[in-house]
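Put chain B on the given structure of chain A with help from the hints.
Here the protein sequences come in this chain order: A and B.
Throughout the first sequence, residue numbering follows full-length UniProt numbering, covering 1 to 371 in sequence.
Throughout the second sequence, residue numbering follows full-length UniProt numbering, covering 1 to 510 in sequence.
Honestly, the hints are just simulated from the structure, not real lab data.
Every residue, glycine too, gets a C-beta built ideally from N, C-alpha and C.
Don't take each hint at face value.
Among chain A residues calculated to face chain B with C-beta under 7 Å, some are [as the list claims (entries may be wrong)]:
#1 207
#2 238
#3 239
#4 240
#5 243
#6 247
#7 250
#8 252
#9 253
#10 257
#11 259
#12 289
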Amino acid sequence: MSPKPGSDSVVLKPLPMRSGRWYSLRLEYDSSRTRSPWWTPVLSVILALLLCAGFIAANGMSPLVVYEKMLRGAFGTSYGFTETMVKAIPLLLCGLGIAVAYRISVWNIGAEGQLTVGAMAATAVTIYFPDLPSFWSIVLMLVFGTAAGALWGLMTAVPRTHFGVNELITSLMLNYVALLALDYVVFGPWKDPKGFNFPGSPVFTAAQSLPVLGSTRLHIGLVFGLVAVLLYYLMIRFTRWGYELRLIGANPTAARYAGIHLKKHIIIVMLISGGLAGIAGMAEVSGVTHKLMQGISPGYGYTAIIVAWLAKLNPLGLIVTSILFGGLIVGGYSVQTIGLPSSISEMLQGAILFFLIAGDMIHRFRIRRSA
Amino acid sequence: MQDPSVEMRGIVKKFGAVTASDQVDFSANAGEIHALLGENGAGKSTVMSMLSGVYRADAGEILIHGQPARIRSPKDAALLGIGMVFQNFRLVQSLTAAENIVLGEKSSFWRGSKWMRNKREEIEALGERFGLKFPVDRPIWQLSVGEQQRVEIVKTLYRGADIIILDEPTSVLTPGEAEQLFATLRVMKQAGKTVIMTTHKMKEVMASSDRISVMRKGKMIAALKTHETDELELARLMVGREIAISRQEREATEGAPLLVVRNLEVAADHGRNALDALSLTVHEGEIVGVAGVAGNGQKELAEVLTGLRTWRTGEIIFDGSPVKTASVRAAIDSGISHVPENRMKSGLAGRLGSVDNLLFKSYRSEEHSRFGFLKAARNRSWSQELVRRFNVKTPELDTPVQQLSGGNQQKLLFAREVSHQPKLMVAVHPTQGLDVGAAAGVHELLMELRGSGSGVLLISEDLDELLQLSDRILVMYSGSIIGESDHEHADREVIGLMMAGIRSVEGSAV
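Only chain A is shown next, with the shape it has when bound in the complex (with noise of 0.2 Å):
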């Protein structure tokens, strides 16, 4: 007999306590719960705040004061908080863009290689290009940028499907070649030349640039960010290539078995993965720092996963993850002022990304207390 559907618990070996006169407890594995409910992202973020804790408070700092500061300086002011969704922005894109790939289960790991290909081609567009008019700049780097991004993550889909190459592999790697390809670049050839031999593009026009609200950074690809959310959301639910992923995602045998061709989805995903990633490197490029330089993401492509399985794949709890993680970084910066380095926000993403995984795991358990 087979074991019954839904929950084929299988009892791992004992738990060496075996405390206590009357019980003792075991632990049961059940390969069946592969879905955590709601709350562990709730509680991952929770723990990592206590966990982080220990860390200031060992540094000699009260941690509420410390966590205070960050709140303060990420959503206290509307300077703060606009500057916490300028953070949001790119995280958001690359987010959505790997949380498409992450549900047919392509490991793209690359968006921070895609999202620096699509600030190289945006800025490409205002060296070749440089007396277009602002409308068509703008659209002309908006094109550039996501053909970059989504051709690198064509470069990780077709080793996948055409040689079995693992794409976290590819994807990774690329993340360097793209990244000493933009080294090139602004050490070389894009250099500006009044720069003062500073490595860089020579700085943006006004037509070259994202409008932006009034006097903040905060710029209009905020406005691409929330389309590009809605449009996945709408085309998951309720399109055939949404019912697809959904199959492939479930059951990528199954879906073999329903005629899906699974290598054509998985360079699809990987184009718009790719592609999303590369529009948040042009919205980088044309709407926060106006000219290409190094470090034109302090990692946003890696944050971005960490966004992503926070929100748990969905769309519209990337929206409200990417803030929490613009604000992370923002409040990071905000407790340098008390003498903190700011990479404690790093420490505080490491530890929720900890969390989270630790709580997809340890949910297949159960305690059980035997006889």
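This is chain B only, laid out in the frame that chain A set:
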């Protein structure tokens, strides 16, 4: 009368809401072959898994040789001399038989070639004593399933088991191999071992066992001496009502050839030929059964016909036109439906609800989507209707199908496959893992399909099922059809022999 070597009292085991074992009492004696009989899902394996330490009972006690035993893990069971041969073997594919058998032995740290040679001899001697022959030096993946099972049995004997549990041991064997297994079991019995075997095949039980315990729906129904009972009584106990194994009533049909396969050759995963000059024809309104032991090309045949696998040479003509390339979509669109071997692995997406699972094959059609958008409301009511018509019991339409029972999952799958009036259905082990009631439902559906003029290619290992349903039975062995018999002349023994690869049955017995 001697004391029982195994005694289980009031054993209860629950999996969530399902009680797999409800106050089960069971006992077996040394020096007997004890059959534990029951339908699929009756709880046989659960009870035996508790005896061998895989599961732990929620309540009840186990006595081994009269002593209360606490069996908390397979290790505890092994220390008590209990060994189990599982349905799916626990062997390391890349190690040799001998290496598998000594695996986990803690006796010596240094294992030189001399040590290994001694062990090999010991294993060979042990195998010979019980009539279990297999090549000890070959890696497991090169052994046949029957040989692998022998390795498993020797493994338990080697570890000193005197209570040996075999879970559905004959399900993977040819009739000839099964005979050999029973001979082995008799030797073990004479050596004073307790042999417990779970099965749902009554013929085997009658032929080989001394005593029989019957389980039904998690309860122990009866314990009988084999020579005091008969198949009819056992059937009655097992299913709770009498079922006669009889051929399904049918009217002769004279359909046109629907599927013609000529000289098909297909490469297997490892480069050899999985299908070798295979030819067959399925007519409209005909159920063609394909008998054969698993691994003789049935899987590949089903995959080729449903577009999942390409073929090397040969031709396939479906519905009058030749099939040129392997394409799942083309197969679906031309009216070939497929009930795959493993529902949950390839037939359904367990995490998704009924609507998504029903749409698998038809979501591209005009009826279910337009301009790339799914017609959500319409698909829902359509699904509701199918669920109702096929009597699928599900709490809600959106309940993940992995939470349904096996029978209901199969009904859902059939609902999907039958809903678009297929011309040909390729059904692989369609009743595997289903209880008698659900299996009867599946048989009815297949007969309905036949009645409506569709062709059915029924690939099954269950001879009873094939005899019951098929208009013609083809026997498949090592990639080709080596025998055919129509339903008037179908003979179990002849088919059984052919399944074991003995072609010349008619005259020249060598």
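Quick rundown of the hints versus the structure:
| no. | hint | result |
| --- | --- | --- |
| 1 | 207 | 37 Å, violated |
| 2 | 238 | 5 Å, holds |
| 3 | 239 | 5 Å, holds |
| 4 | 240 | 5 Å, holds |
| 5 | 243 | 6 Å, holds |
| 6 | 247 | 6 Å, holds |
| 7 | 250 | 4 Å, holds |
| 8 | 252 | 9 Å, violated |
| 9 | 253 | 5 Å, holds |
| 10 | 257 | 5 Å, holds |
| 11 | 259 | 4 Å, holds |
| 12 | 289 | 38 Å, violated |
Of the numbered hints given earlier, the model fails hints 1, 8, 12; all others are met.
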